[in-house]
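Assemble the whole structure, with the sequences as input and the hints as a guide.
In case you want the letters, here they are:
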Amino acid sequence: MNEFIRGIKKGFPICLGYIPVSFTFGLIAVKMGFNPLEATIISLTNMASAGQFAGIRLIEGGAPYIELVITTFVINLRYMLMSLSLSQKVAPEMPFYKRAIMAFCITDEVFALASMEKDDVNFPFFGGLMATPIFGWTLGTCLGAVASSLLSPMLQGCFGIALYCMFIAIIIPPARKGRKVAIAVIVSALLSCLFKYVPGINVLSKSGGGGWAIIISAILGAAICASIKEVKRFRRRNVQEGGAHV
Amino acid sequence: MFRKEVPMCSMQNVAICMVIMALTTYLIRVIPIGFVRKKMENEWIQDFLFYIPFCVLSAMTFPDVLYSTTPTGATTPHFASAAIATMVAIVMAWKNRGLVRVALVAVLVAIIVELLLPVVF
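As you go down the protein sequences, you meet chains A and B in turn. 1245 is the number that this note's numbering gives the last residue of the first sequence; the numbers go up by one with no jumps. 125 is the number that this note's numbering gives the last residue of the second sequence; the numbers go up by one with no jumps.
Since the hints were derived computationally from the structure, they do not count as laboratory data. Built from N, CA and C at the ideal position, the CB exists for glycine as well. There's no promise every hint is true.
Partial selection, computed: residues in chain B whose CB lies under 8 Å from chain A [claimed, not checked]:
| id | residue |
| --- | --- |
| 1 | 38 |
| 2 | 79 |
| 3 | 98 |
| 4 | 103 |
| 5 | 118 |
30 Å max Cα-Cα, derived BS3-like pairs, lysine-lysine [as the list claims (entries may be wrong)]:
| id | chain 1 | residue 1 | chain 2 | residue 2 |
| --- | --- | --- | --- | --- |
| 6 | A | 1179 | A | 1195 |
| 7 | B | 99 | A | 1097 |
| 8 | B | 42 | A | 1009 |
Pasting the structure below:
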């Protein structure tokens, strides 16, 4: 029970942060022709910011089902990586139904907080962690959908930055503390800019809502940093062995 | 209204589209955590997985954040409000301010810049 409450406390800031972001989603969805109930259900059942935005754009455009599946898959592929990472942070003996419940709310922010836990993530803690963000994400969508007609286009635009600034608030503090995280963040950002602006490879950021560009930038960034660490480990081991011989 | 004018999901049903989105998203999430039970020994993979969330968020944020305050239908991107709000967000994040405060202040800054720009120029 204590762990559940600790999870609630940790998750509550995410809930508050989700409200302005999902508010934006509600606004856009209604503007596209969805009704507030549909917008709210999409948020409740997806819990995915970028994936949802791309999805409603495709539905509005009348895209075939298969395109909807592939785009949703590609943009949300990062959740697969996060889920894989989380599978290493839960007890191996945790039953499937608990894992299945946890899987529902592996979002960028919830995952970031869970993965910064020192020890293994237990079920009550994750349950508490995901409870209020789900509520906030759904509530915000509902509010945004209802308020859609009241905001000017300028205000609607300005709310669009909320999501990104939450991401910034998540990555900057750890990047400030650890130099390798800082390198990871900078490398991925640079790669992402390359995919956007360099002619020839910028097709990646234009198709599928930019899902491919994000995935490739992130995988390369993480791979480079993991390799730097590997090289350092290798050198250290060599130095230690070398020292032992002398 | 809207739906009668535009062929929204012309060949298909919006409800089916919603089920497809939800199902695809959930399967992506449940398969790894549901079925990977082994602890991975490989240190490179562990490091890789440690860096992934930071890298994903960073790649999603930059450079797209610069286009985030542009209203739908605008002909040119509103870089100024986005860039200034982003810088404020980075400084606040550097000072360990919470997620909510950073996001809300950035939205406010963007609104202020959007309001001031036509006055200044």
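These are the hints, each one checked on the structure:
1. Interface hint status for residue 38 of chain B: upheld, as the beta-carbon distance to the closest one in chain A is roughly 5 Å, under 8 Å.
2. For residue 79 of chain B, the interface hint is violated, since its Cβ never comes within 8 Å of a Cβ in chain A; the closest pair sits about 13 Å apart.
3. Because the smallest distance between the Cβ of residue 98 of chain B and any Cβ of chain A comes to about 6 Å, under 8 Å, the interface hint for this residue holds.
4. The beta carbon of residue 103 of chain B comes within 4 Å of a beta carbon in chain A, closer than 8 Å, and the hint placing it at the interface holds.
5. Satisfaction of the interface hint for residue 118 of chain B is found here, the shortest Cβ-Cβ separation to chain A being roughly 5 Å, below the 8 Å cut-off.
6. Taking the CA atoms of residue 1179 of chain A and residue 1195 of chain A, the gap is near 24 Å; set against the 30 Å cutoff, the hint holds.
7. Between residue 99 of chain B and residue 1097 of chain A the alpha-carbon distance is near 37 Å, which puts this suggested pair outside the 30 Å criterion.
8. Restraint check for residue 42 of chain B and residue 1009 of chain A: satisfied, since their Cα atoms lie roughly 28 Å apart, inside the 30 Å limit.
Violated hints, listed in ascending order, are 2, 7; each of the other numbered hints is respected by the structure.
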